[in-house]
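There are 2 protein chains.
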Amino acid sequence: MSESPYRALAESVRRLVDATIRTEVGPGVVSTVTSRVDAATAQLRAALMPGSFGERRVADGQPLASGNVVIGIRNPVAPPLTMHHEPDGSVWTEFILGAPYEGPPGHVHGGICAMVLDHVLGATAHQPGRPAHTGTLTLRYLRPTPLNWPLRAEARVDRVEGRKVFASGQIVEVSGATVSAEGIFILPRTEAD
Amino acid sequence: MSESPYRALAESVRRLVDATIRTEVGPGVVSTVTSRVDAATAQLRAALMPGSFGERRVADGQPLASGNVVIGIRNPVAPPLTMHHEPDGSVWTEFILGAPYEGPPGHVHGGICAMVLDHVLGATAHQPGRPAHTGTLTLRYLRPTPLNWPLRAEARVDRVEGRKVFASGQIVEVSGATVSAEGIFILPRTEAD
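Heads up: the protein sequence lines correspond to chains A and B, in order. The opening position of the first sequence corresponds to residue 1 in the numbering used here, with each subsequent residue numbered one higher. The opening position of the second sequence corresponds to residue 1 in the numbering used here, with each subsequent residue numbered one higher.
Check the hints yourself; a few may be wrong.
Unchecked claim - Facing chain A, according to a computed beta carbon distance under 7 Å, are these residues of chain B, among others:
| no. | residue |
| --- | --- |
| 1 | Ile21 |
| 2 | Ala40 |
| 3 | Ala46 |
| 4 | Met49 |
| 5 | Glu55 |
| 6 | Arg74 |
| 7 | Pro76 |
| 8 | Pro79 |
To be verified - Over 12 Å on every C-beta distance to chain A, these chain B residues come out as not near it, computed from the model:
| no. | residue |
| --- | --- |
| 9 | Leu16 |
| 10 | His84 |
| 11 | Glu86 |
| 12 | Gly89 |
| 13 | Glu94 |
| 14 | Gln127 |
| 15 | Pro150 |
| 16 | Val157 |
| 17 | Val160 |
| 18 | Arg163 |
| 19 | Gly176 |
| 20 | Ala177 |
| 21 | Thr190 |
The set of hints was computed from the structure by calculation and includes no laboratory data. Keep in mind the model is a prediction, meaning the values are calculated, not measured. Note that the Cβ used here is the ideal one computed from N, Cα and C, for glycine as well.
The whole structure should be built from the sequences, with the hints applied where relevant.
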């Protein structure tokens, strides 16, 4: 099965998530909608993979990352971000985060900024078939990151020492950087190590 | 209106999010469910607050934090975590994260661990009516954090210097810590500053 129906469903569920937070309709409508949602869930649960998407062992062309909380097109929690890799090894993504990612009123939660930067910095370190994992990550919060506003996250590799990749990056909006980050990402051992 | 119908709706949408990621039903059922979800969203959108929940200016007893991405009971993206404050100033929360929070297959995304720790460390610094914001946060990833497994996050204040609160904490599971964190959280100025 192609991914497209699943992608469309996840997009619809993202809109439902936003409306769930922001609705002002009364208790009667909310209860009706809750029943509808439960019925929809029951239909989907008629056939359910065990565990999580990344543990799936069916080879039908759906990437394991489809369930990823940052980039997964099947995961309604994911914005989802699209990573762009430049020839010089840098990585960037542009996105807008809405009501579901709120921390301080009207602003992106600092932890969501950390999540985005962990992923974008890590993406500079990944090699095909050799995903890096985070060793350390340091974040500096320069000023609040607005919700519902165009944002860009970007990262680059500063240097590599053996299996350690040192990366840095930031979240920027039109007025400048809001959060900067430095991290060390560890590549898995290969037969050569 | 009491929060309880909204809370129940958000709980239902969390189950839908999980099923959206993990379903193996065919394209026909997925399309039917997508239409059902769109209809539910339309009902909720009949009356919608502008912006985000934290920007809401209606005083009906619903806390501003109801939309928060970590603790918001109305936010289906939030697990949601419940913060417990001890008399000594430490904060802890116990939780299980499922498929929607995946990074490496079968494991919690490192960025989600960062988000949880940002919130829990920050919670040690907050004072009534005086929310702290994150200044810096440093994370050390000790080993992978499993999905669908009991986790605990805990934090304490190490020292306070003026408006700066130095906090540290960790995510632990039964075998020990998976991620540790140190952070500096900044309290807003008061008239006394």
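Just pull the numbers of the violated hints for me, sorted ascending. 8, 9
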